[in-house]
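Residues are numbered in my numbering as their position in the sequence shown, beginning at 1, plus a constant of 615.
Since the hints were derived computationally from the structure, they do not count as laboratory data. Just so it is clear, the structure is predicted and the values come from calculations on it, not from any experiment. Treat the hints with care, since some could be wrong.
Lysine to aspartate or glutamate pairs mimicking EDC-like chemistry, simulated, CA-CA at most 16 Å apart [said to hold, decoys possible]:
no., residue 1, residue 2
1, K846, E813
2, K846, E829
3, K846, D810
4, K761, D789
5, K761, E796
6, K846, D789
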Amino acid sequence: MGAAAAIKFAQIEPVGQCNLRCQMCPVQFRAAGPPHGPLAFMTLDTFRRLLDEMPALEELHLQGLGEPLMHPRFFEMVRLAHARGVRVSTNTNLTLLSRRRAHECVESGLAELHASLDGAHAEIFERIRRRARFSRVLRHLRELLKVRRALGAATPRVRLVMVVMRDNLQELPDVVELAAELGIGELFVQHLCHDFGEESLPLAYAPMRRFVDEQSLLHEDAARIETSFGKARERAAACGLELRLPRTQPVADERIGRCDWPWRGPYISYTGDAMPCCMVATPDRANLGNMAEHGVAAVWGGERYRAFRDALASDSPPAVCRSCAVYNGVF
Numbered sequence: 616m617g618a619a620a621a622i623k624f625a626q627i628e629p630v631g632q633c634n635l636r637c638q639m640c641p642v643q644f645r646a647a648g649p650p651h652g653p654l655a656f657m658t659l660d661t662f663r664r665l666l667d668e669m670p671a672l673e674e675l676h677l678q679g680l681g682e683p684l685m686h687p688r689f690f691e692m693v694r695l696a697h698a699r700g701v702r703v704s705t706n707t708n709l710t711l712l713s714r715r716r717a718h719e720c721v722e723s724g725l726a727e728l729h730a731s732l733d734g735a736h737a738e739i740f741e742r743i744r745r746r747a748r749f750s751r752v753l754r755h756l757r758e759l760l761k762v763r764r765a766l767g768a769a770t771p772r773v774r775l776v777m778v779v780m781r782d783n784l785q786e787l788p789d790v791v792e793l794a795a796e797l798g799i800g801e802l803f804v805q806h807l808c809h810d811f812g813e814e815s816l817p818l819a820y821a822p823m824r825r826f827v828d829e830q831s832l833l834h835e836d837a838a839r840i841e842t843s844f845g846k847a848r849e850r851a852a853a854c855g856l857e858l859r860l861p862r863t864q865p866v867a868d869e870r871i872g873r874c875d876w877p878w879r880g881p882y883i884s885y886t887g888d889a890m891p892c893c894m895v896a897t898p899d900r901a902n903l904g905n906m907a908e909h910g911v912a913a914v915w916g917g918e919r920y921r922a923f924r925d926a927l928a929s930d931s932p933p934a935v936c937r938s939c940a941v942y943n944g945v946f
């Protein structure tokens, strides 16, 4: 498979601060964009050039460290990729999902939308998603589903995504019921994605490490986890909902946890910096070269990528991978 055919994912970074998953959460660390610097958007020209260099692109996931719908040309990007036969998906925290944007989600060709919902009640949800409003999020989600029905469309396919941690573990069974009430058929529950444990971690991310230490289910009572997971399974089975639950302990067989992302596609920042995956998230943790400046093929086949792949395939993976939930089989 050629380099372009293997590249399936890209990132756009909107302005805003973030946490583990969005700009409204308790742990905020991002220094790009106001008030720290200029707008942190991938330009449409850069986006188009990257698409041009990937003629065999199959899948494109548009996300960023912040809310993708903040990008003023988000739907132009979706349309550009969709017109080339690319399957486009995105994440959203739903805060900016107005009626107009709901129509654009359907009409732009967006294939899949992952809606973040980390609680079934306002108190827990708003404690995790600071400055968010639970009632607004639910209103916007219902509006999207209503617009999709009104237009007789099957897409975007909507999947709820919940990041499970100590603070919201007890909410899981109720999130299952909420998804069923909304008419959404799939709930993807994931572990906190990274423990930020590498020695080379920039000091700015130390609060992330502390937050994960405090909230990770790796440190939670196994009986409490199984109680919540068991109730969630029962309710999902009763309402016919597809429920994906994570492992909560690393697997013994290391081969299960090893990922293949650096062989499948890059994660590209708004400036064009290529990273191994979205778990790395920021190029100051692992930067494999700038695709906007040097070209997709040159970076994808370059020495940095080759060295990273070789290390990941070995018994001594890069430090940033050793701390990863995917590598350890607990995502």
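Each hint, compared with the structure:
1. The suggested pairing of K846 with E813 is violated, with an alpha-carbon distance near 35 Å, which exceeds 16 Å.
2. At most 16 Å may separate the alpha-carbon atoms for a hinted pair to count; K846 and E829 exceed this at roughly 24 Å.
3. Annotation: proposed proximity of K846 to D810 is violated, straight-line Cα distance about 27 Å (limit 16 Å).
4. At most 16 Å may separate the alpha-carbon atoms for a hinted pair to count; K761 and D789 exceed this at roughly 22 Å.
5. As the CA atoms of K761 and E796 are separated by approximately 14 Å, the hinted pair is consistent with the 16 Å bound.
6. At roughly 9 Å between alpha-carbon atoms, K846 and D789 fall within 16 Å of each other, so this suggested pair holds.
Checked against the numbered hints above, the structure violates hints 1, 2, 3 and 4; every other hint is satisfied.
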